[in-house]
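Engineer: Chains as they are written, first to last, in numbering that gives the first Met the number 0: chain F, 0 to 252; chain X, 0 to 358; chain U, 0 to 74.
Please keep in mind that the hints were generated in silico from the structure rather than gathered at the bench.
Mixed in with the good hints there might be a few duds.
What the hints assert, rightly or not - Straight-line C-alpha distance at most 25 Å; calculated DMTMM-like pairs for lysine to aspartate or glutamate: (1) Lys207(X) - Glu41(F); (2) Lys2(U) - Glu1(F); (3) Lys208(X) - Asp4(F); (4) Lys208(X) - Glu93(F); (5) Lys46(U) - Glu41(F); (6) Lys38(U) - Glu219(X).
If you're wondering where the values come from, they're calculated on a predicted model, not measured in any experiment.
As a plain string of letters, each chain reads:
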Amino acid sequence: MELTDIIKEENLVLKKSKLLTDNVMHYCPGCTHGVVHKLIAEVIEELNIQDQTIGVSPVGCSVFAYNYIDIDWAEAAHGRAPAVATAISRLHPEKYVFTYQGDGDLASIGCAEIMHACNRGENIVVVFINNAIYGMTGGQMAPTTLLGQVTSTTPYGRDAKLNGFPMKITELLAQLDGTCYVTRQSADTPAAVRKTKNALKKAFQNTRRQKGVSFVEVVGTCNSGWKMSPVDANKWMREHMFEKYPLGDIKDI
Amino acid sequence: MAEVKLMKGNEVIAETAIRCGCDGYFGYPITPQSEVMETLMLRKPWEETGMVVLQAESELAAINMVYGGASCGKKVMTSSSSPGISLKQEGITYIAGAELPCLVVDVMRGGPGLGTIQPSQSDYFQATKGGGHGDYHLIVLAPASVQEMSDFVVLGFELAFKYRNPAMVLADGVIGQMMEKVVLPDYTPRWTEEEIEKMSGDWALTGKKNRQHHIITSLELEAPRQEVFNEKLQRKYREIEANEVRYEALYCEDADYIFVAYGSCARICQKSIQLAREEGIKVGLLRPITLYPFPTQPISDLCSKVKGFLSVEMSAGQMVEDVRLAVDGRVKVDFYGRMGGVVPTPEEIVVALKNKFKI
Amino acid sequence: MAKFRGAVVVDTEHCKGCSLCVVACPTKVLDLHPNVNGKGYHYAYMKNPEACIGCASCGLVCPDSVITVYKKNVE
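Using the sequences provided together with the hints, build the complete structure.
Structural biologist: Now the structure itself:
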């Protein structure tokens with residue numbers, strides 16, 4: 000059988016989502032952001048809510064998320080995405096509003112905003128990418144950086160005495176009554192990607208249930224910041240990150 | 000027949016917001032303006048007009064909620080006092096950079112730092128010269144009465160949407176706390192989604208449908224493109240300076256000396272003028288209503304007729320710099336002020352005038 | 000003999016050669032090409048096209064959505 004017999008419209012099983020723009024993503028090769036962007040685009044496309052969805056992008060590598068998913072976007076100040084999303088959601092209760100935030104944005108500078116948006120039970124989706132490092136500014140320590148992990152501001156490894164401990168913000172947020180769905184996923188294998196997509200879909204569908212924040216953490220890699228190949232970074236993530244940040248649903252009500 | 004009420008300045012801000020069709024208020028308590036949110040919460044406008052009122056976890060969150068609401072083309076506002084406005088500067092510069100309309104009310108108190116809760120005008124620089132980072136301006140309105148607290152909420156929103164620029168009502172603790180009679184505006188319905196689409200449909204976040212997606216951002220990594228954007232902002236500010244200067248001139252026709260004062264100081268100066276004129280000293284008042292754009296030309300025009308200007312402020316001398324720029328050395332400009340929450344008396348202002356100009 | 004035959008089409012100009020698809024492929028179809036694209040990346044390609052079963056694992060893990068997958072029942 001020739002390839003031309005297979006490459007036919009009727010045999011198509013996977014192609015780029017129509018909601019992803021033609022802009023080439025600025026992310027480094029192998030970056031988890033690209034996978035999660037794709038999944039969000041697919042979920043919005045499958046739920047047919049493109050005209051009802053408003054995204055809020057953070058400061059960090061994913062600041063330009065608005066260039067890649069073809070929906071209306073607001074770009075927030077560093078850490079403030081949950082506050083921005085709060086107002087959009089309150090003023091547009093019928094819309095699907097989500098924030099997309101990294102670990103520095105959400106767990107460090109934006110700690111108050113995410114805590115209180117979750118505590119108020121805002122009717123929003125939060126997508127949290129945890130790669131344990133500041134990517135955009137050049138690989139500095141994040142609140143989620145593991146003990147011993149080398150970053151440009153922990154050149155001798157994160158030392159608890161000097162830098163405190165890796166922050167399990169997702170578990171903290173699950174304690175708040177305003178969250179209805181809190182889960183931690185990854186995007187390193189085909190099975191993990193499928194699970195993350197299901198989690199995202201469930202989170203967006205929760206918007207209609209009006210039960211509060213749906214929070215999806217995706218443990219990801221920053222191979223440039225970690226100074227590894229994309230394949231090695233995934234391996235390192237499985238060996239080190241998953242121990243501190245175990246995958247699975249933390250809360251689902 | 001309009002209804003006359005006796006109300007506090009801060010309460011009037013809240014009441015007017017509801018009546019003028021404001022979509023959302025996001026605030027954080029701080030003296031001396033906490034009555035704004037308290038009044039709103041008591042009034043429950045969400046049951047009446049659908050207006051959203053939310054007590055945020057911080058001023059940072061409140062101003063970023065304003066950013067979010069304004070991104071949707073909604074009529075949104077916040078209020079605070081000096082230390083809270085300092086915290087809000089991050090959001091304000093983002094709002095200016097993303098060209099979003101909104102209203103910020105600052106009921107000033109004395110600083111620096113935590114300072115005092117008593118009235119002050121020491122945030123003139125912060126309000127008129129930018130406040131946050133980057134080349135930007137707010138449209139700054141300075142009410143001198145409870146009536147103007149109401150009028151300028153309406154006007155502030157009007158100008159904010161006309162220029163897609165944040166507007167500020169810069170009051171002080173005196174105006175916020177004092178009670179006066181006020182005529183409140185009639186109710187204007189909140190804008191419908193169709194009206195928002197018509198007015199702001201080319202930029203607001205309304206959900207992408209049959210159009211390019213809208214992006215609200217202040218980010219531009221390419222320097223030449225950022226410069227082009229900055230030039231566009233500057234053109235807007237020149238337009239605002241050309242069209243929106245507002246001021247009040249009292250007793251200036253025969254005046255030898257001019258008090259330049261805004262807000263509560265302008266009210267006090269009116270009494271000082273009366274006292275001075277009883278002594279035969281002809282004094283007038285030029286009251287800037289817009290602090291940005293500053294009434295440079297009206298002050299400049301007076302230079303040929305008067306012997307000097309005295310800027311009277313509850314600060315160490317901030318607006319006086321703009322008076323000096325307007326006068327440009329042609330006549331004497333001096334300053335009298337009290338600080339730290341102390342309100343000057345009419346008498347001491349007359350004494351200061353006589354001493355400084357050797358009358 | 001597999002029940003399904005698949006085919007992978009890579010947008011080679013936009014592939015960044017991260018090789019996540021290469022390791023995700025259960026039947027070792029893919030590899031990075033010795034040649035580079037316009038941006039200097041060794042792009043992914045079907046080195047062993049006959050082994051492809053159209054499972055789409057490669058496309059699922061691709062961060063840049065440059066992979067299109069086809070699958071045909073050959074029974």
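Engineer: Each hint: holds or not?
Structural biologist: Hints, verified against the model:
1. Simply put, Lys207(X) and Glu41(F) have alpha-carbon atoms about 16 Å apart, close enough for the 25 Å limit, and the pair holds.
2. Taken as a hint, the Lys2(U) and Glu1(F) pair is honoured in the structure, with Cα atoms around 16 Å apart against an allowance of 25 Å.
3. Distance hint between Lys208(X) and Asp4(F) is unfulfilled; the C-alpha atoms sit about 37 Å from each other, more than 25 Å.
4. Distance hint between Lys208(X) and Glu93(F) is fulfilled; the C-alpha atoms sit about 15 Å from each other, no more than 25 Å.
5. Simply put, Lys46(U) and Glu41(F) have alpha-carbon atoms about 29 Å apart, too far for the 25 Å limit, and the pair is violated.
6. About 23 Å separates the Cα atoms of Lys38(U) and Glu219(X), which keeps this hinted pair within 25 Å; it holds.
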